[in-house]
Amino acid sequence: MSIVETPTPKESKVLTAPSSPPRAQGLSLRLRSSLQQLLAFGSLIVLVVFFGVMNARFLLPGNLSDILLSTVVIGLLALGATFVIVTGGIDLSVGTGMSLCSVMVGVVLTYLGLPIWAGIVGGILMGAVIGAVNGFLISFLKIPPFIATLATMLVCQGMALVVSGTKPIYFTGTEGFANLALGKPIAGLVIPNAVFIFFGAAALAGVVMSKTLLGRYTFSIGSNEEATALSGINVRSWKLWIYTAAGAFTGLAGVIIAARLNSAQPGQGMGYELQAIAAVVIGGTSLAGGKGSIVGTVIGALIMSVLTNGLRVISVPQEWQNVAIGVVILVAVYLDMLRRKEAAK
Amino acid sequence: MTADQTPLLSVHGVEKSFPGVRALHNMHLDLRRGEVLALVGENGAGKSTLMKLLSGIYVPDEGTFELNGVAFTPAGPKHAQELGISIIHQEFNLMADLTVSQNIYIGREPRRFGMLSERALNRKTQDLFDRMSLKLDPRERCGDLTVAKQQMVEIAKALSHDSKVIIMDEPTAALNDAEVATLHELIRGFVSPETGVIYISHRMDELKQISQRVTVIRDGEYVDTVDTEKTSMQEVISLMVGRSISGDQRPPADAADRADDVVLSVEGLTTPSLLKSVSFALRRGEILGFAGLMGAGRTEVARALVGADKASFEHLKVNGADVQVPNPAVAAKLGIGYLSEDRKHLGLMLERDVKENIMLSSLVENSAGGFIKDAALRRTADEYARKLRIKTPSIRQLARNLSGGNQQKVVIAKWLVKDCDILIFDEPTRGIDVGAKDEIYKLLNELAGEGKAIIMISSELPEVLRLSHRIAVMCEGRITGFLNNAEATQENIMELATRRVSITTGAPTS
Numbered sequence: 001m002s003i004v005e006t007p008t009p010k011e012s013k014v015l016t017a018p019s020s021p022p023r024a025q026g027l028s029l030r031l032r033s034s035l036q037q038l039l040a041f042g043s044l045i046v047l048v049v050f051f052g053v054m055n056a057r058f059l060l061p062g063n064l065s066d067i068l069l070s071t072v073v074i075g076l077l078a079l080g081a082t083f084v085i086v087t088g089g090i091d092l093s094v095g096t097g098m099s100l101c102s103v104m105v106g107v108v109l110t111y112l113g114l115p116i117w118a119g120i121v122g123g124i125l126m127g128a129v130i131g132a133v134n135g136f137l138i139s140f141l142k143i144p145p146f147i148a149t150l151a152t153m154l155v156c157q158g159m160a161l162v163v164s165g166t167k168p169i170y171f172t173g174t175e176g177f178a179n180l181a182l183g184k185p186i187a188g189l190v191i192p193n194a195v196f197i198f199f200g201a202a203a204l205a206g207v208v209m210s211k212t213l214l215g216r217y218t219f220s221i222g223s224n225e226e227a228t229a230l231s232g233i234n235v236r237s238w239k240l241w242i243y244t245a246a247g248a249f250t251g252l253a254g255v256i257i258a259a260r261l262n263s264a265q266p267g268q269g270m271g272y273e274l275q276a277i278a279a280v281v282i283g284g285t286s287l288a289g290g291k292g293s294i295v296g297t298v299i300g301a302l303i304m305s306v307l308t309n310g311l312r313v314i315s316v317p318q319e320w321q322n323v324a325i326g327v328v329i330l331v332a333v334y335l336d337m338l339r340r341k342e343a344a345k
Numbered sequence: 001m002t003a004d005q006t007p008l009l010s011v012h013g014v015e016k017s018f019p020g021v022r023a024l025h026n027m028h029l030d031l032r033r034g035e036v037l038a039l040v041g042e043n044g045a046g047k048s049t050l051m052k053l054l055s056g057i058y059v060p061d062e063g064t065f066e067l068n069g070v071a072f073t074p075a076g077p078k079h080a081q082e083l084g085i086s087i088i089h090q091e092f093n094l095m096a097d098l099t100v101s102q103n104i105y106i107g108r109e110p111r112r113f114g115m116l117s118e119r120a121l122n123r124k125t126q127d128l129f130d131r132m133s134l135k136l137d138p139r140e141r142c143g144d145l146t147v148a149k150q151q152m153v154e155i156a157k158a159l160s161h162d163s164k165v166i167i168m169d170e171p172t173a174a175l176n177d178a179e180v181a182t183l184h185e186l187i188r189g190f191v192s193p194e195t196g197v198i199y200i201s202h203r204m205d206e207l208k209q210i211s212q213r214v215t216v217i218r219d220g221e222y223v224d225t226v227d228t229e230k231t232s233m234q235e236v237i238s239l240m241v242g243r244s245i246s247g248d249q250r251p252p253a254d255a256a257d258r259a260d261d262v263v264l265s266v267e268g269l270t271t272p273s274l275l276k277s278v279s280f281a282l283r284r285g286e287i288l289g290f291a292g293l294m295g296a297g298r299t300e301v302a303r304a305l306v307g308a309d310k311a312s313f314e315h316l317k318v319n320g321a322d323v324q325v326p327n328p329a330v331a332a333k334l335g336i337g338y339l340s341e342d343r344k345h346l347g348l349m350l351e352r353d354v355k356e357n358i359m360l361s362s363l364v365e366n367s368a369g370g371f372i373k374d375a376a377l378r379r380t381a382d383e384y385a386r387k388l389r390i391k392t393p394s395i396r397q398l399a400r401n402l403s404g405g406n407q408q409k410v411v412i413a414k415w416l417v418k419d420c421d422i423l424i425f426d427e428p429t430r431g432i433d434v435g436a437k438d439e440i441y442k443l444l445n446e447l448a449g450e451g452k453a454i455i456m457i458s459s460e461l462p463e464v465l466r467l468s469h470r471i472a473v474m475c476e477g478r479i480t481g482f483l484n485n486a487e488a489t490q491e492n493i494m495e496l497a498t499r500r501v502s503i504t505t506g507a508p509t510s
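Protein sequence lines, in the order shown, are assigned to chains F and W. Per the numbering used here, residue 1 is the first one in the first sequence, and the count goes up by one each step. Per the numbering used here, residue 1 is the first one in the second sequence, and the count goes up by one each step.
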């Protein structure tokens, strides 16, 4: 507490007037938000050390690389979900939307026989279109996000099955596509392409969130949608764009999962949306909107995959793994609430 | 009052500190039996901290509370309630979708054979209302009631608990004069040799009407308690702010006939629910006051002008050009800024900092290729924070932590940064203490002096008279008259405000 309340010398220069009671809180704002990320990061480290101590195999480079790889898809979905959740919305369609996007990649590459870049663009565009539809339903037709995306979740699942004829589409005819996810860009390093793509996407999302109009309006809509509208910001169209941007991340996830499996699996995807939301929430983003960070989401996604992998490595039966993850979500959210309450005092 | 001189409620030497802040220091307060004690102080003086201590939300660091001479420590709002202390907060604790009687007896519902009995409930409520001589339907949905009636429901709820002490925080902030009179009747009816009321208000004229004594606090410390009858309100105000404040001022008469530089002309503004053919013109450098009773349609005019609600115009001209305002974004582009009466819900992002709030409307101008220029944002926000004398340790302070007056300045700064020439102020000083009010008044005058055209909606007639060059008075969705400041008085404004038009229309509520 005492660290948090100390004004930094840099900020006290801005003092313009005799302060009123709450000064200490405001000054420590920056400190506090970095503290939050530090805490999340700290718990990630604790988990890694714990599993490492329990079973040294956990720390083998191959296993660590596996963890990173298994973070990628949920992580990409969670990046998009962060935008949506910071606006105070929710997106249930990202899991099945991802499947539809990977089927789209299959259509472009296998059915149409176009080059790989066209498949990537097609997948991402498909995601953007799904996002735009969500955005339209939510901001123009005013359907609550939960209902709108519940509907598009089902539509996406159905469409993925319809387009693919309910059968997986294989990319065995498109040479090198699997490399997009599994190729090793750096000789001697076991980390595959997909991991670099994920961190690249996260960096992009971070920049968009903190440095662009889209990101700023995402926060302002989540903080107070009506005040934002009355401030002369076209909230309806910005929301459409925010959902579209989030959809593009879903599209990228679809491309990556297709490359990783070297096939488009139309039946999968259901349930991924909840894992993505869990990663966002563990990362400290508030479901009430207005608060959150991309760094937090990346850490949240890593915590999820470290847990899944670690529990398997220390031989916790599959059926107990979900129990553990559920408990972790509760603990993470509750601790976050406690911390916020403490800070608000 | 009574022979028994033990105060009903007393507060002795109460101290309360929060990390880094001393909120209350050596606080005193005595509520006598059968009296209405006014508690006044600027925002941040410690009134709400004191209330939270009395209701057991906070625990005092030092000091004692006594009820009828017996020391007590409230453990929480429910415990305080059981002790006979009811607090009516500015923000009501009512469930909009429940009926009046469901709200009043929540948690204490009468049952028959274990089942809820709506009839018994409503009868009980009706009995209560009869005792209070309150005309209210127990079966009405609370969300459908006007603010004034919701206030009555809160008071009825307190009475139903058999409270001895009722503490009211700004009970009249949203009421018109007629409603204030009804409220005061209720309070007088409640006060008996067994009971008392602590009445927190910013409206000085009301204290004269309702209270016997006034306790003044400043900066968390007790200042003085004075007999209302023997004290002028000017004295109370100077005790509050520690300096004297000019009372009845009027804008210079010559300001009224400024150049015929009409920047906004509205003709035939009509909305489906309320407004009927509202027409007026606004000139550069003019403050046009909008007076009227609650529900007369003043806020609706403002919201229609910025495209926040659906409305139709015969003509709407900005700087002589015909325009349409389908949404607030277009209005902002035309240079029309609206400062809502409801700052917390419609004006500010409380959880974001001062800088972001000030710059929210002007991000596009401060960005390149979609990227925000943060340095420029900081510079501009800092400049305006200084210019408007916003009291904040830094522009990174959360808006939530500013006082009402400074929050209002943040919203004003937002529109000044946007370079709006037409500013619509809706209740610019609601919930703002006397000292800060003065500053807002000064600011409005300065803005008009710089050539901004200002519409100012206010329910406080002295405020309207003090600031407006011209006054448009509304009643039931129509403008019933314009007055120049020189000819306007509280009386002729009230007369226009109650001049009902013979054609009855859809009942305007709230």
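These are calculated hints, taken from the structure and not from any lab test. A virtual CB, placed ideally from N, CA and C, is assigned to each residue, including glycine. Treat each hint with caution, since some may be false.
For each label pair, taking beta carbons as the anchor points, the in silico distance ranges come out as [to be verified]: (1) Glu314(W) with Phe199(F): 53 to 61 Å; (2) Arg379(W) with Asn322(F): 45 to 53 Å; (3) Glu175(F) with Lys333(W): 34 to 42 Å; (4) Leu182(F) with Gly370(W): 28 to 36 Å; (5) Arg141(W) with Asn322(F): 53 to 61 Å; (6) Val327(F) with Val147(W): 44 to 52 Å; (7) Asp66(F) with Gly143(W): 37 to 45 Å; (8) Gly370(W) with Arg312(F): 36 to 44 Å.
Taking lysine-lysine pairs in the DSBU-like style, the calculated list, with each CA pair at most 35 Å apart, reads [stated by the list, open to error]: (9) Lys391(W) with Lys142(F); (10) Lys211(F) with Lys208(W); (11) Lys124(W) with Lys211(F); (12) Lys230(W) with Lys211(F).
Structure-based check of each hint:
In this structure, Glu314(W) and Phe199(F) meet the distance hint of 53 to 61 Å, their C-beta atoms being roughly 59 Å apart. Between Arg379(W) and Asn322(F) the beta carbon distance is about 51 Å. The supplied range of 45 to 53 Å therefore holds. Between Glu175(F) and Lys333(W) the C-beta distance comes to about 53 Å, which lies outside the given range of 34 to 42 Å. Range check, Leu182(F) to Gly370(W): about 34 Å between beta-carbon atoms, so the 28 to 36 Å window is met.
For Arg141(W) paired with Asn322(F), a C-beta distance near 44 Å fails the hint of 53 to 61 Å. A hinted range of 44 to 52 Å for the beta carbons of Val327(F) and Val147(W) is consistent with their spacing of about 45 Å. Checked against the hint of 37 to 45 Å, the pair Asp66(F) and Gly143(W) fails, with Cβ atoms roughly 55 Å apart. Judged by the Cβ atoms, the range 36 to 44 Å given for Gly370(W) and Arg312(F) holds: they are separated by roughly 43 Å.
A hinted pair counts as satisfied when its Cα atoms are at most 35 Å apart, and Lys391(W) with Lys142(F) does not qualify at roughly 39 Å. As the CA atoms of Lys211(F) and Lys208(W) are separated by approximately 54 Å, the hinted pair breaks the 35 Å bound. This hinted pair does not check out: Lys124(W) and Lys211(F) have alpha carbons roughly 59 Å apart, beyond 35 Å. A hinted pair counts as satisfied when its Cα atoms are at most 35 Å apart, and Lys230(W) with Lys211(F) does not qualify at roughly 61 Å.
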